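There are 2 protein chains.
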Amino acid sequence: MSELKNDLLLRALMRQPVSRTPAWMMRQAGRYLPEYRATRAEAGDFMSLCRNADLACEVTLQPLRRYAFDAAILFSDILTVPDAMGLGLYFSAGEGPRFERRIERAADVEKLPVPDVEDTLGYVTNAVRTIRGALEGSVPLIGFAGSPWTVATYMVEGGSSKNYENIKGLLYSDPKAADALIAKLATVTTNYLNAQIRAGAQAVMVFDTWGSVLEPEAYRRFSLSGMQAIVDGLIRHHDGRDVPVVLFTKGAGTRLNIMSETGCDALGVDWTTDLAEAREITGDRVALQGNMDPSLLYASDDAIRAGVKRVLDSYGDGPGHVFNLGHGIHPEIDPSKVGVMVDTVREYSPRFHSPG
Amino acid sequence: MSELKNDLLLRALMRQPVSRTPAWMMRQAGRYLPEYRATRAEAGDFMSLCRNADLACEVTLQPLRRYAFDAAILFSDILTVPDAMGLGLYFSAGEGPRFERRIERAADVEKLPVPDVEDTLGYVTNAVRTIRGALEGSVPLIGFAGSPWTVATYMVEGGSSKNYENIKGLLYSDPKAADALIAKLATVTTNYLNAQIRAGAQAVMVFDTWGSVLEPEAYRRFSLSGMQAIVDGLIRHHDGRDVPVVLFTKGAGTRLNIMSETGCDALGVDWTTDLAEAREITGDRVALQGNMDPSLLYASDDAIRAGVKRVLDSYGDGPGHVFNLGHGIHPEIDPSKVGVMVDTVREYSPRFHSPG
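If you read the sequences in order, they're chains C and H. For reference, each letter of the first sequence is one residue, going 0 to 355 in numbering that gives the first Met the number 0. For reference, each letter of the second sequence is one residue, going 0 to 355 in numbering that gives the first Met the number 0.
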């Protein structure tokens, strides 16, 4: 593979010195881009786009043609894992993701297979290889998966949920069944992320979108435990470099503290915690990635510039910061706003780093 | 008016000694009760139910006939305030609340009237008087309003929102217009709550449902500031008793600290912060109300009993705790589950209080 020309992301995630703060954006390959919508239409449905390595590569690269991002992120979905475990993922118009079969009780968890990753998710590792080839070493490629807890919510609810009726009914009434589901998902997810790393992913991120709907004790038992098992089982060095691991619980707040003790390299932070406070909470044990309010991109260019500066000021001096939004970009955003954001990070961030 | 027979709630909110922990439940008059659904059907639409003092009184009292709650809460809606300001509230099936006119820019804010409360919201104070009469001093009546920020989100979005596109566009691009809107809403809301107090509300609560979607600096400027103005302007002693003020920002986390410094008497806490941690964060300056995960009511009776005990254990010894859910009860809950919860609070809580 080509030598990596821009390793700012990998260095920042390992808290090594950099000349400026690297930037990428959650959901950077997504619906806000007209070229994404065109490729998606060409593919047919969402999963066909994920399954086609050339088209998945195309949408992964699209934002890099427009913006000076310092990383690419694999185009895929967190629900490929339960699909590989036989639940039958489909997307119904207006309703989001659905499963043909859902997990209801302990017996269903026991019957769930631990699938062979190459057999069932080879389309993802194919996409990783294709994207790595196409990137030609310009920027690193981030692989990802959902956290066991977040993926479990979809498996037990049968799709998206508002009140988490079924999964909370299960975890409060039969916590051992929930433990078993999280453990099984952690195993499959670890294998899946390791396969992505072997195929060429240079950093990996675990998305725990729904961890914050749990009370603190339940968070430790059902969300953090799954991420801890993944951190413990991941390949941390590959192809001559460290492979940084990023955990992201949306709305983590003070839970950033226990997250930082898992042995991960970095934490994603949403916009509801200042990065200065997040550095305090985590005792600078890990790098931080974030955290501009994605809804700031609805505002004026000047407001966006001011918002970017607030985020960079809040982290302050020193290595260990990767600029990002605090959550995925909203689909209605005007693409020109993203350019304003990325350019401001480039212009304003060098002051926080010592000249190499 | 009749003398108050059960003042546990008022005493606990003022951090005075009690014999057991009082309990009530957000949305206790609501769709989970078949008798509520029947009265709602009789009234026609939701606002007709709010506007009819007898029917609003009926649904307020319904949960007290079933459960040993220690408080009644006025049946109304946080959006009566912008309706009184001329925005034209209506409820469309499946879409939730909507406004005929929305606030888009500074000029719209300037034009917004500060209405006379008795002229425009007399139906609410009527309901308060009717309910106080019907309660015959059995338990205290809680009045409430939405926080200026939370109400503003609906006024600027024109209804419910997912990403807060318009209000965040406004506050980031023209923060002074957002300041003006919050200030005007704080004035109207203060007048409105004072009118409820004069009509007989014995405690008041401000619901800041959407404060946690703001970054910390914006939270202080646009959410906390409005609640601070309300706390500063409220009648704090009426009819021979203190009138406790409760503030509730869902997902407040560490923001409980600055909330506790407003001079309010108590804070609502959702289930994502342990009450032990909340006591630490707030330095025991205020009483705490909460915080069982409402989704625990989907679980088994034994799991509910264990959950109630966890909440009471977490607060621990001493006065200053009001048991509640961490958010409103979900409409699908089996009413018998609420009985299990309330009975467990009664049985288990005396151990945390010194015998009077």
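Rather than coming from a laboratory, the hints here were simulated on the basis of the structure. Remember, it's a predicted structure, so these values are computed and weren't measured experimentally. Be aware that a few hints might be false.
[To be verified] Listed next, the in silico DSS-like pairs over lysine-lysine satisfying Cα-Cα at most 27 Å (straight line):
(1) K161/C x K175/H
(2) K161/H x K249/C
(3) K175/H x K308/C
(4) K175/C x K308/H
(5) K175/C x K161/H
(6) K161/C x K175/C
Right, here's what the structure says about each hint:
no. : hint            : result
1   : K161/C x K175/H : violated (34 Å)
2   : K161/H x K249/C : holds (15 Å)
3   : K175/H x K308/C : holds (20 Å)
4   : K175/C x K308/H : holds (20 Å)
5   : K175/C x K161/H : violated (34 Å)
6   : K161/C x K175/C : holds (24 Å)
Of the numbered hints listed earlier, those contradicted by the structure are 1, 5.
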